[in-house]
Amino acid sequence: MKEHKDFLEELLTAYSPSGCEREALEVWDRYCMDHGFEPYYKDKIGNHAYKLGNGATKILLSGHIDEVNARVIYISKSGMISMVSTGGMDRKSLIASEVVLLGEKGPVRGIVGKRPIHLESPKERDTMEDFESLRIDVGASTEEEVRAMGIYEGCIIVYKRNVNTDFGQYGICSNSLDDKIAVYITAMIMTQLKESVAQWGDRYTVIGMAAAQEETGCRGAQVAAKNINPDLSIDFDVTFSTDGDLGIKHEKQGGVVLGKGGVIMYGPDKSMRIASILKEVCGEKKIPYQTTAGRAGGTNTNQIQLMSADCETMLVSIPNRNMHTPVEVCDWRDVASIIDMTTTAIETKRL
Numbered sequence: 001m002k003e004h005k006d007f008l009e010e011l012l013t014a015y016s017p018s019g020c021e022r023e024a025l026e027v028w029d030r031y032c033m034d035h036g037f038e039p040y041y042k043d044k045i046g047n048h049a050y051k052l053g054n055g056a057t058k059i060l061l062s063g064h065i066d067e068v069n070a071r072v073i074y075i076s077k078s079g080m081i082s083m084v085s086t087g088g089m090d091r092k093s094l095i096a097s098e099v100v101l102l103g104e105k106g107p108v109r110g111i112v113g114k115r116p117i118h119l120e121s122p123k124e125r126d127t128m129e130d131f132e133s134l135r136i137d138v139g140a141s142t143e144e145e146v147r148a149m150g151i152y153e154g155c156i157i158v159y160k161r162n163v164n165t166d167f168g169q170y171g172i173c174s175n176s177l178d179d180k181i182a183v184y185i186t187a188m189i190m191t192q193l194k195e196s197v198a199q200w201g202d203r204y205t206v207i208g209m210a211a212a213q214e215e216t217g218c219r220g221a222q223v224a225a226k227n228i229n230p231d232l233s234i235d236f237d238v239t240f241s242t243d244g245d246l247g248i249k250h251e252k253q254g255g256v257v258l259g260k261g262g263v264i265m266y267g268p269d270k271s272m273r274i275a276s277i278l279k280e281v282c283g284e285k286k287i288p289y290q291t292t293a294g295r296a297g298g299t300n301t302n303q304i305q306l307m308s309a310d311c312e313t314m315l316v317s318i319p320n321r322n323m324h325t326p327v328e329v330c331d332w333r334d335v336a337s338i339i340d341m342t343t344t345a346i347e348t349k350r351l
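What the sequence shown shows, in this note's numbering, is residues 1 to 351, in sequence order.
Simulated from the structure, these hints should not be mistaken for laboratory data.
Be aware that a few hints might be false.
List time: in silico EDC-like cross-link candidates among lysine to aspartate or glutamate, alpha-carbon distance up to 16 Å [said to hold, decoys possible]:
| hint | residue 1 | residue 2 |
| --- | --- | --- |
| 1 | K349 | D202 |
| 2 | K58 | D231 |
| 3 | K92 | D126 |
| 4 | K58 | D29 |
| 5 | K77 | E145 |
| 6 | K285 | D243 |
| 7 | K44 | E26 |
| 8 | K260 | D243 |
| 9 | K349 | E284 |
| 10 | K42 | E26 |
| 11 | K77 | E143 |
| 12 | K160 | E10 |
| 13 | K160 | E9 |
| 14 | K92 | E124 |
| 15 | K42 | D29 |
| 16 | K2 | D231 |
| 17 | K194 | E10 |
| 18 | K58 | D202 |
| 19 | K92 | E129 |
| 20 | K105 | E132 |
| 21 | K105 | E144 |
| 22 | K194 | E347 |
| 23 | K114 | E98 |
| 24 | K160 | D137 |
| 25 | K194 | E38 |
| 26 | K160 | D90 |
| 27 | K58 | D310 |
| 28 | K114 | D137 |
| 29 | K77 | E153 |
| 30 | K105 | D166 |
| 31 | K77 | D130 |
| 32 | K349 | D243 |
| 33 | K92 | E143 |
| 34 | K92 | D130 |
| 35 | K114 | D130 |
| 36 | K58 | E312 |
| 37 | K114 | E124 |
Note that the structure is predicted; figures quoted are calculated from it, not measured.
Could you build all of it, start to finish, from the sequences and the hints given here?
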């Protein structure tokens, strides 16, 4: 299934914090243009979309391209940097880790320091520090040295790049799989649909979009939904893999397993009709899939439903382990499942 693996690796390596997705969007744009997709929609918030077909029914396929991040809020006289969370970084995974500060003179590598365990009281060893108490060290000894590197208050902080698309037999381990794996899936569906456009192009206009600013309140999807105004939307986003012996309660989060197929979601902002079609397709083609339930909200699906004039929305999820850390894990088999079920549903004109 590892078709165009280099494209996924390039996406994951590119920096794309919410509100500054330009570098990863350039990767997305280049792939879409190289594969002959027609430019369809761009906006000032950072959504980029391409299309295939010319049918009356507009189908929006999308994943968000932004990644979790923080920002510099203070630089001390001794050259230590304080940060504030601006997009979902897990402070537990930050302690004693490497980060990248996207400064005015280019990326700067830093480390998140930690007081030695020898100097902590028994109580301190069992408590978690507040986000604001963490300090980034960039190898400087004064505030002036830090600023000379191009670092400033407001400077964006992301996880160090950590890309392994051959993690075991089927795994992908990387930063920002939430949600660049879905951008990859969208591109692969578009690539397959281009070969069969004669079958369905008179009925559908299929729009593939890399969405901006999901991690900061699904802001990009709100803007795009109002302007594109699709008739039907299938949003791709990661969901919690509850396997892996990490203490996640199945009674609360469901029994989603890596490698058992894409997850067809049920909930108030997810279409029962589309879910039934996808399950039917999977049954006929023997495509593995899983189902689970979720409330409305939390992903772009909800915003597309609310901000479009009259759009039928669906969420198909990719199981993800260690979400919002630099070592997220997904599975190639789940990726293949979602590509196959979505492509088939469109090619057979069932949506």
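Each hint tested on the structure:
A hinted pair counts as satisfied when its Cα atoms are at most 16 Å apart, and K349 with D202 qualifies at roughly 10 Å. For the hint linking K58 to D231, the alpha-carbon distance of about 5 Å falls within 16 Å, and the restraint holds. Restraint check for K92 and D126: satisfied, since their Cα atoms lie roughly 12 Å apart, inside the 16 Å limit. Between the alpha carbons of K58 and D29 the distance comes to roughly 20 Å, so the proposed pair goes past 16 Å and is violated.
With a C-alpha separation of about 10 Å, the suggested pair K77 and E145 falls inside the 16 Å cut-off, and the hint holds. A threshold of 16 Å between alpha carbons decides the hint, and for K285 with D243 the separation of about 26 Å lies outside it, so the pair is violated. Between K44 and E26, the direct Cα distance comes to roughly 15 Å. Compliance with the 16 Å bound is thereby established for this hinted pair. With a CA separation close to 11 Å, the supplied pair K260 and D243 stays within the 16 Å bound.
Distance check on the hinted pair: K349 and E284 sit about 15 Å apart at the alpha-carbon level, within 16 Å; holds. Between K42 and E26 the CA atoms are separated by roughly 13 Å; this keeps the pair inside 16 Å, and the hint holds. At most 16 Å may separate the alpha-carbon atoms for a hinted pair to count; K77 and E143 meet this at roughly 5 Å. Proximity of K160 to E10 is assessed by CA-CA distance (about 14 Å); at most 16 Å being required, the pair is judged to hold.
Between K160 and E9 the CA atoms are separated by roughly 14 Å; this keeps the pair inside 16 Å, and the hint holds. Our distance criterion of 16 Å between C-alpha atoms is met by K92 and E124, whose separation comes to about 14 Å. Restraint check for K42 and D29: satisfied, since their Cα atoms lie roughly 11 Å apart, inside the 16 Å limit. Our distance criterion of 16 Å between C-alpha atoms is broken by K2 and D231, whose separation comes to about 31 Å.
A distance of roughly 22 Å separates the Cα atoms of K194 and E10; the hinted pair therefore is violated under the 16 Å criterion. Restraint check for K58 and D202: satisfied, since their Cα atoms lie roughly 11 Å apart, inside the 16 Å limit. For the proposed pair K92 and E129, the alpha carbon gap of about 8 Å is at most 16 Å, so the pair holds. Taken as a hint, the K105 and E132 pair is broken in the structure, with Cα atoms around 25 Å apart against an allowance of 16 Å.
At most 16 Å may separate the alpha-carbon atoms for a hinted pair to count; K105 and E144 meet this at roughly 15 Å. Between the alpha carbons of K194 and E347 the distance comes to roughly 10 Å, so the proposed pair stays at or under 16 Å and holds. A threshold of 16 Å between alpha carbons decides the hint, and for K114 with E98 the separation of about 12 Å falls inside it, so the pair holds. The suggested pairing of K160 with D137 holds, with an alpha-carbon distance near 14 Å, which does not exceed 16 Å.
A threshold of 16 Å between alpha carbons decides the hint, and for K194 with E38 the separation of about 11 Å falls inside it, so the pair holds. Proximity of K160 to D90 is assessed by CA-CA distance (about 14 Å); at most 16 Å being required, the pair is judged to hold. A threshold of 16 Å between alpha carbons decides the hint, and for K58 with D310 the separation of about 12 Å falls inside it, so the pair holds. Simply put, K114 and D137 have alpha-carbon atoms about 10 Å apart, close enough for the 16 Å limit, and the pair holds.
The hinted pair formed by K77 and E153 meets the criterion: a straight-line CA distance of about 14 Å does not exceed 16 Å. Straight-line distance between C-alpha atoms of K105 and D166 comes to about 33 Å, which puts the hinted pair past the 16 Å bound. Our distance criterion of 16 Å between C-alpha atoms is broken by K77 and D130, whose separation comes to about 21 Å. Taking the CA atoms of K349 and D243, the gap is about 35 Å. The hint is violated against a cut of 16 Å.
Distance restraint check for K92 and E143: the Cα-Cα separation of roughly 26 Å exceeds the 16 Å cut-off, and the hinted pair is therefore not satisfied. Restraint check for K92 and D130: the C-alpha separation of about 10 Å stays at or below 16 Å, so the hint holds. Restraint check for K114 and D130: the C-alpha separation of about 12 Å stays at or below 16 Å, so the hint holds. Using a Cα cut-off of 16 Å, the hinted pair K58 and E312 holds, with the two alpha carbons roughly 11 Å apart.
Pair hint K114 plus E124 holds up; C-alpha atoms about 12 Å apart against a cutoff of 16 Å.
Checked against the numbered hints given earlier, this structure breaks hints 4, 6, 16, 17, 20, 30, 31, 32, 33; the rest are met.
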